[in-house]
Amino acid sequence: MDLLQQLTQYAFSGLSTGAIYALIGLGFAIIYNATGIINFAQGEFVMLGGMLTYFFQTVVKFPAVPAMLLAVMTATALGAAFERLTIRPLKRPTPLSLVIITIGGSIFIRGISMLIWGKDTHSLPPFSGSEPLTLAGATIMPQHLWIFGITLMVIAANKFFFYFTISGKAMRACSFNRTAASLVGIDVRKMVLLSFAISSAMGAMAGIIIAPLTMTSYDVGVMLGLKGFCAAIIGGMSSGFGTVLGGLLLGLLESFGAGLISSGYKDAIAFIILLLILFIRPQGLFSKAQTERV
Amino acid sequence: MKRDYLLFVLFTLVVLAAPCAFKGGYLLNVLVFMGINTMLAVALNLLLGFAGQISLGHASFFGLGAYFSGILSTTYGFNPWLTMLIAAVAVGLLAFGLGFPILKLKGHYLAMATLGFGIIVYIVFNETVALTGGPSGLSGIPNLRLGGILFDGDLKNYYLIWSFALVTMLLSINLAHSRIGRALRAIHDSEVASRVMGVNARLLKVQVFALSAIISAVAGSLYAHTMSFISPASFGFNFSVELVTMVIIGGLGSIFGSFLGAALLTMLPELLRVVQDYDIVVYGLLLIVMTMYMPKGLAGGIATLWRLLRPKKNGAIDHAQG
Amino acid sequence: MLRVEGITQIFGGLTALEDVSFQVEKGKITGVIGPNGAGKTTLFNIITGLYTQSRGKVFLEGTEISGFPPERLAPRGLVRTFQNIEMFSQMTVLENVLVGLHTRSRCGIFSCAFKLPWQLSEERRMREEAFRWLEFCGIGELADLEAGALPFGKCRSVEVARAMAVNPRILLMDEPAAGLNSRETADLEVLIRKIRETGVTVVLVEHDMELVMDICDAIVVLNLGKKLAEGTPREIQENPAVIKAYLGEG
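In the order they appear, the protein sequences are chains E, B and X.
Counted the way our numbering counts, the first sequence spans residues 1 to 294.
Counted the way our numbering counts, the second sequence spans residues 1001 to 1322.
Counted the way our numbering counts, the third sequence spans residues 2001 to 2250.
Hints may be right or wrong, so weigh each one.
[As the list claims (entries may be wrong)] Restricting the straight-line Cα-Cα distance to at most 25 Å, the calculated cross-link-like pairs of lysine to any residue (SDA-like) are: (1) B:1106 to E:240; (2) B:1106 to E:177; (3) X:2154 to X:2182; (4) B:1002 to X:2118; (5) B:1296 to E:36; (6) X:2154 to E:92; (7) X:2154 to X:2127; (8) B:1106 to E:281; (9) E:119 to B:1279; (10) B:1106 to E:223; (11) X:2154 to X:2194; (12) E:266 to B:1135.
Worth flagging that the hints you see were computed from the coordinates, not collected in a lab.
Please take these sequences and the hints and turn them into a complete structure.
Set out below in structure tokens:
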């Protein structure tokens, strides 16, 4: 394989993992915008997406599509339950207590999953065959195309929801000003619950579409979640489009870094970028600077 | 204030006498770990409980201390005491330099940045195989020696580790009751007001971050020299979270609380031995439940209990008089 | 004593302050008044280094202090209190005042951790002085209570004691009477006069006109981000522009 082919190969795999990071990152941003919370348990819902699909498909022997739908629904319900049981009862939430609680939730979900499904890695069959296609000299799995397609669809649905539905508009109102939103009659608590539900669903979908490529186990959520957060940070947390770009950029950098520099340090790349951005440009690469108000 | 020192004297006596109760063996080994964890929890508490700044990467300072000390003494044959000093200074400088950009961040962002730093360090431990031995670890680290005593047994290690842990606790209690401790708590309660009072919040946060890292590095060095073997697995993200759990469960801002938290989390895996693997679930539940219902931790819980029990006496007297 | 020159503050597209200049004389009590949204608190935040102004300069006794962060202003004798009382609520009242003495004590992390002899004597000295300020504000008996558990009126006094412990030459008070009942306001008035007697210059933002007219030697009026008038309480009370601003166009 010549160099150009190899680079194309890196680009394809980078873009597909990047799309996953983008989906997870959007989940972070949705909750953050509605509540100001960074949900450290976000990655666990990605894991749940993959593991639940494995469970419904391989253990319960459902056909693929119902299994996936069930997985997303279960993860969504769990995300909503998580908010209802741990975040809402908090009397005086501080950033510190929220960090701790969501970390606690993350550990708890991971622990329970380990008890139920064990420590083994499980694989899921690809959505449509494993016959590689050749595109621009590089081989590409059909699953990659599924990832691109589904990610695009989710992003479009997301856009539609936030700009063209009442609930979506209400959630945007909450992100601008919670007090004002509640004064005009928006049920802020319901919106918070909804934001957790939506972002769990998106996380679960990300987990499902990547599982056939990377396999899944009880502990894949930590890294995927953190990478998704990096994507959101690169995008500046607020802008949906920025987060998508951030995810793709991160995926590409990782893929090229692993291929051309060293595969061992692949995971470090995301975190070095994370630190650099937080230190130099905490508002993200794609959004304008905001003045902090005292 | 006086009560803290009285408690410390009592605590010291208990620590000194404890080995008599457990005639050596396996339990003593657990107590050695408890000492190391106490040091780490107290160190993190200075940052998290006093200054109110979270770190989800403290295991990396512990690990850096262990690897600096381990590599220099094993590969390059330096005296272990000297390597402990070098580790402390090097980690202190690193934390000081890192502190300025990282502590500019607040809340969730600080949590993520420290977490990211911790993971980078963890990856470096794994990847610099020539230096650290990579995932399979570094073995043959020499024990510490003081005069004619070589610290190679559980009992000797117990006294070695716990003397460091006790000194750490005492210095932290001193600090808590000084102008520095007050300034840190002031930053925690209202950073703006503390600055108006002339507290250089930014510098002080960085200083306490560095101090906390130094104590963790010393604990790491002690760990390396008593265990003689280290591997990256002990210094990962999970351990950082475990440290935060210790501080939260024990009680933010309470030095003895940190001991309680460290003790509980060191014992937990031993207690749950029968139902292995449940410990991670229990950690998660503990973190959630404690933050929700007992935000001041075990120390705060005990203090409340104490207050509840004492007025009862007065209440009884009032009742008798009435 | 304190001079502001051409202070302009723009938030996004909104001009909160426009070309405000005035001077505070040493040893006097100066009031800054104006309707809501006049920019009083913004002005205070600029002077005390919490905001950086878009344009203009601030001078303290002839030295320019524009853009100094608050922690550099405290040692120069410029201290403020807050409208919504920024108490160190998890500390005792005495500890709150001790934080006020922070800049006037020297011991670093090392000497504090090891309790070196000079740290002990410094600590003793600080406690004595802190008690003096508590007595000064009439709250000596509250020393060991947790600040967060105090009623609002007492918090005001603690905040003043804490600010006085910094040894200010000029004290800026942001609505000190807000939330106080009439008896507490009367006590506050006595306290502010007492502060002036110690030689400290006082600047206050306040809505309670009775209090302002009673104790202020000079008054600056802001309206919609601009300086509307300045003068003695009597002059201000008779100023037609001020009356119009307060009572509206009608």
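Comparing the hints with the structure gives:
For the proposed pair residue 1106 of chain B and residue 240 of chain E, the alpha carbon gap of about 23 Å is at most 25 Å, so the pair holds. About 21 Å separates the Cα atoms of residue 1106 of chain B and residue 177 of chain E, which keeps this hinted pair within 25 Å; it holds. With a C-alpha separation of about 14 Å, the suggested pairing of residue 2154 of chain X with residue 2182 of chain X holds against the 25 Å cut-off. Simply put, residue 1002 of chain B and residue 2118 of chain X have alpha-carbon atoms about 19 Å apart, close enough for the 25 Å limit, and the pair holds.
A C-alpha spacing of about 23 Å is found between residue 1296 of chain B and residue 36 of chain E, which places the hinted pair at or below 25 Å, so the restraint holds. With a CA separation close to 24 Å, the supplied pair residue 2154 of chain X and residue 92 of chain E stays within the 25 Å bound. A threshold of 25 Å between alpha carbons decides the hint, and for residue 2154 of chain X with residue 2127 of chain X the separation of about 20 Å falls inside it, so the pair holds. The hinted pair formed by residue 1106 of chain B and residue 281 of chain E meets the criterion: a straight-line CA distance of about 14 Å does not exceed 25 Å.
Of the pairs offered as hints, the one joining residue 119 of chain E and residue 1279 of chain B holds, with about 15 Å between alpha carbons and a cut-off of 25 Å not exceeded. As the CA atoms of residue 1106 of chain B and residue 223 of chain E are separated by approximately 22 Å, the hinted pair is consistent with the 25 Å bound. At most 25 Å may separate the alpha-carbon atoms for a hinted pair to count; residue 2154 of chain X and residue 2194 of chain X meet this at roughly 17 Å. As the CA atoms of residue 266 of chain E and residue 1135 of chain B are separated by approximately 16 Å, the hinted pair is consistent with the 25 Å bound.
The structure fails none of the hints (numbered hints given earlier).
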